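Chemist: Make the full structure from the sequences, and use the hints.
Residue numbers (full-length UniProt numbering): 1 to 400.
In short, the hints are calculated from the structure, not lab data.
Because the structure is a prediction, the values reported are computed rather than measured.
Note that beta-carbon positions come from the ideal geometry of N, C-alpha and C, so glycine has one too.
Heads up, a few of these hints could be off.
Stated by the list, open to error - What follows is a list of derived Cβ distance ranges for each label pair:
| id | residue 1 | residue 2 | range |
| --- | --- | --- | --- |
| 1 | I290 | L26 | 21 to 31 Å |
| 2 | A345 | Q116 | 36 to 46 Å |
| 3 | Q105 | E147 | 19 to 29 Å |
| 4 | H137 | R93 | 45 to 55 Å |
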Amino acid sequence: MTKIIDKPINITTKSKKKKPLFLSWLQLRKERVRLLVAIAGISFADVLMFLQMGFRGALFSSAVELHHSINGEIVILSSRYRSLISLDRFTDRRLYQAAGLSGVQSVSPIYLNFIQWRNPYNKEIWDIYAIGINPEHQVLNIQGVIENRQKLREPDTVLFNSGSRNEFGAIAKNFKAGESIVTEIDERQFQVRGLFQLSPTFGINAHLVTSDINFLRMVRSRQGGLIDIGVVKLKPDADVNKVLSELRSLLPNDVKVMTRQDFAKAEVAFWNASTPVGYTFDLGVVIAFIVGAVIVYQILYSDVTDHLPEYATLKAMGFRDRYLLIVVFQESLILAVLGFIPATAMAWGIYEITHIATLLPMAMDAGRITFVFVLTAIMCSVSAAVAVRKIQTVDPADIF
1 MTKIIDKPIN ITTKSKKKKP LFLSWLQLRK ERVRLLVAIA GISFADVLMF LQMGFRGALF
61 SSAVELHHSI NGEIVILSSR YRSLISLDRF TDRRLYQAAG LSGVQSVSPI YLNFIQWRNP
121 YNKEIWDIYA IGINPEHQVL NIQGVIENRQ KLREPDTVLF NSGSRNEFGA IAKNFKAGES
181 IVTEIDERQF QVRGLFQLSP TFGINAHLVT SDINFLRMVR SRQGGLIDIG VVKLKPDADV
241 NKVLSELRSL LPNDVKVMTR QDFAKAEVAF WNASTPVGYT FDLGVVIAFI VGAVIVYQIL
301 YSDVTDHLPE YATLKAMGFR DRYLLIVVFQ ESLILAVLGF IPATAMAWGI YEITHIATLL
361 PMAMDAGRIT FVFVLTAIMC SVSAAVAVRK IQTVDPADIF
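Modeler: What follows is the structure, encoded as structure tokens:
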């Protein structure tokens, strides 16, 4: 009898020396089907979060790609301007006024407008976003535009966006093959003289760049003295904040003046706050978080319920609630890691497929991976916190 009593005492002593992590893994591994279901559920929630954040990031990145390409420190906009797809114009006299300041090196107008592009192969008509610039100035730092802008001096010539969707025709492929491409814009023929790369956005499917003169030819309803964006290039030794302040004092309130960086931030703010798109993606992340939390809670609650007699035995043997709570929380974190790894791989693949299909700038980055992992850990920890309440209230006398 004494030997029988001594044996469990020795087991208890050894058990207390075992780390909770070892016990957590053993409990999870015991029910392999349940473990696989938990991993699949967490992976599903993580993939949803990755996709929502990926689309949200693509929305903002593509929306400001043109903004970041502007070769100037300051931009002038109409006071009613809201975004590239919600345009308003102002008189080019404001540019001439800005050119008189001592810190200004040059000023250039940018014309923007949706026009009707006729696919030269199937003759279908699609809206394309036309950008008109002065070819004498390097207004846009975009590969393809920099090298080919001098070709825009010729009448009725355009540069086509090689990142455009297939509905506009296989322009890039055939141009690279040496084909001469001529199409019709507003009942006038234009020739493609070069290619450039600019991602489509959620509001713009394709772009073309042309000269300011050619732009007014293809958009005959536009008045030459009204522009959409004024680009102010400063001298190398000029103080941006000083010139910005001087311009705001000089120009009337029918225009607003801001830095190129603030211009991009205003575009992001428009998509995030003034349209339902940004809100929809944020809501998608929240829903994915809740779905994942519910799945993990169900798994952990079932695990705690199935092992309740064992937990009660451990409490009767002297183990404190803290030890048992650590076991359950470590189970949740193990599930978070096991579910996160395949989810990241799957999301990465979906990003690549989506980029090929839509040409949106879907890209995985370290910041997003870290953020989703933190959300996953929080999601599993919250579920564990709810599931462990049963352990805290269990009484060994009730079980046995």
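Chemist: Which hints, by number, does the structure contradict?
Modeler: 4
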